[in-house]
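A.B. asks: Those protein sequence lines, which keep their order, are chains A and B. If you use my numbering, the first sequence closes out at 272, no skipped numbers anywhere. If you use my numbering, the second sequence closes out at 220, no skipped numbers anywhere.
Derived by calculation from the structure, the hints in this document are not laboratory data. Some hints here could point you the wrong way.
[To be verified] Here are the simulated EDC-like pairs of lysine to aspartate or glutamate, each with C-alpha atoms no more than 20 Å apart in a straight line:
(1) A:146 x B:124
(2) A:226 x B:93
(3) A:226 x A:252
(4) A:146 x B:49
(5) A:146 x B:93
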Amino acid sequence: MSAIGEELPAWSKRRDDAIALPSSWPHLIERDWAWGGSDGAGTRVAIVDSGIDPEHEFVGGVGRAVAVQRGPDGQATVADDHSGDVAGHGTACAGIIRSLAPACELWSVRVLGPEAKGGAAAMLAGLQWAVAERCSVVNMSLSTPKRETAALLHEIADDAYFAGTVFVASAHNLDVVSYPWRFSSVISVASHDGEDPFEYHSNPQPPVELFARGIDVEVGWLGGAKIIAAGNSFATAHITGICALILAKHPELTPFQLKTVLRETASNMTRA
Amino acid sequence: MTDPGELRAAVAAGALAGQEHHRPLLQAIVEVARAIFAARAASIMLLDETSGELVFEAVTGEGEDTLIGRRIPAGTGIAGWVAGSRQPLVVEDVAADPRFAADEARRTGYVPQGLMAVPLLSEDRVLGVLNVLDRPTQRRFSVAEMDLLSLFANQAAVALELLLRARRTDALLAGADEELGAVARVAAAVERLDGERREAGVRLLRELAAVLEARPADGL
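Use the sequences and the hints to build the structure in full.
C.D. replies: As structure tokens, then:
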């Protein structure tokens, strides 16, 4: 038997350490239980993309903005960023998330742009940073097909899972194998062509796990513009917003429990 | 010392067609893409990894006289985002917003109502972007169209890969590597010969091979 203060073997736990599990898990999980009354307050949502225009009326402010840059030794470093959005896409995703979870805190992690060149190293550094900063949800549209990068991404995705950071990643439209969206530790999203932002379908045949609104969505773009756009990345932003709503109300949920809640509350869930 | 594989590649390069033979393939792809989607224009952009820019390689419809060779910084704009993220993107009704329109006009000199952009991928590399501009606006974009565009992207990526290989060949023939370039030029020259001259050329090469393969003890 181990005395107090004595170091335990790896992966051990004292029997008298109380870890309370939430007891409120209902038999039937409904949307009202999942996020009824929630506005996303208290959640920190990182958008790993092209930056965010904090002035855009759809965005309503950005809590923090950083960019991944290459240091003098070629290493990726994360620094505060004031360049806004270099492409428009990050602003588009931010606006969608804000429309669903108006009180969440949006953080911009820019990994695209002239100096980052959208390389896999920038993506890895951006994701690692978001996990270290304890973001609740990370919205990402990027993926890489490189096997060697995939192994590192897998580690980061697992670290995120254990740290309680949810990765929501766009599935690829094209017939290519890429990561991280294929990992089970992330939530992968593709598009349906419905118009309801809260309509989402659970896929019984993964690796794509959810389908959400991604076609003909009005989104914010550069310079305050508003355009109609389509792509899995917009479906991803919808699920990110819904995750923020659920986590604001139930911060104790692990990423896999959150995934279960999403499945149980999916629009195509039929009950006997 | 030159790698034997590189020498073989140099011979093959000399016998292969140059980049100009692959341009019609790229052009045909953008023309079919434009026809299938009833679009006003279509284009293929190549990612120049050295300069970090996207370069227009094939254009049909609006801009076909002016856009070839034009460069935009990668990572910015819609095509730049598509190349950086490897994700397709569709935008509609963009000209309705003057701020967006002005931005696109500055980039390409042409303001589309809408555009579809899809990355061109070859294994783990992004080769470029396929753009389809101004589909009929009364037609709602669909998931099926995204799939169709992806099929085109696969074909366009293969064509772009061929063009890139042909460019490397051309660079070789132009003497980028002196040793390999000489071998490639000989192969290209023989390939161009006809009839008796070709027979004579092959005979000469055979003699040259015999001389080069002979050991000093054989009397040379």
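A.B. asks: For each hint, tell me whether it holds in the structure or not.
C.D. replies: Going down the list of hints, with the structure as the test:
no.: 1; hint: A:146 x B:124; verdict: 6 Å, holds
no.: 2; hint: A:226 x B:93; verdict: 9 Å, holds
no.: 3; hint: A:226 x A:252; verdict: 36 Å, violated
no.: 4; hint: A:146 x B:49; verdict: 17 Å, holds
no.: 5; hint: A:146 x B:93; verdict: 35 Å, violated
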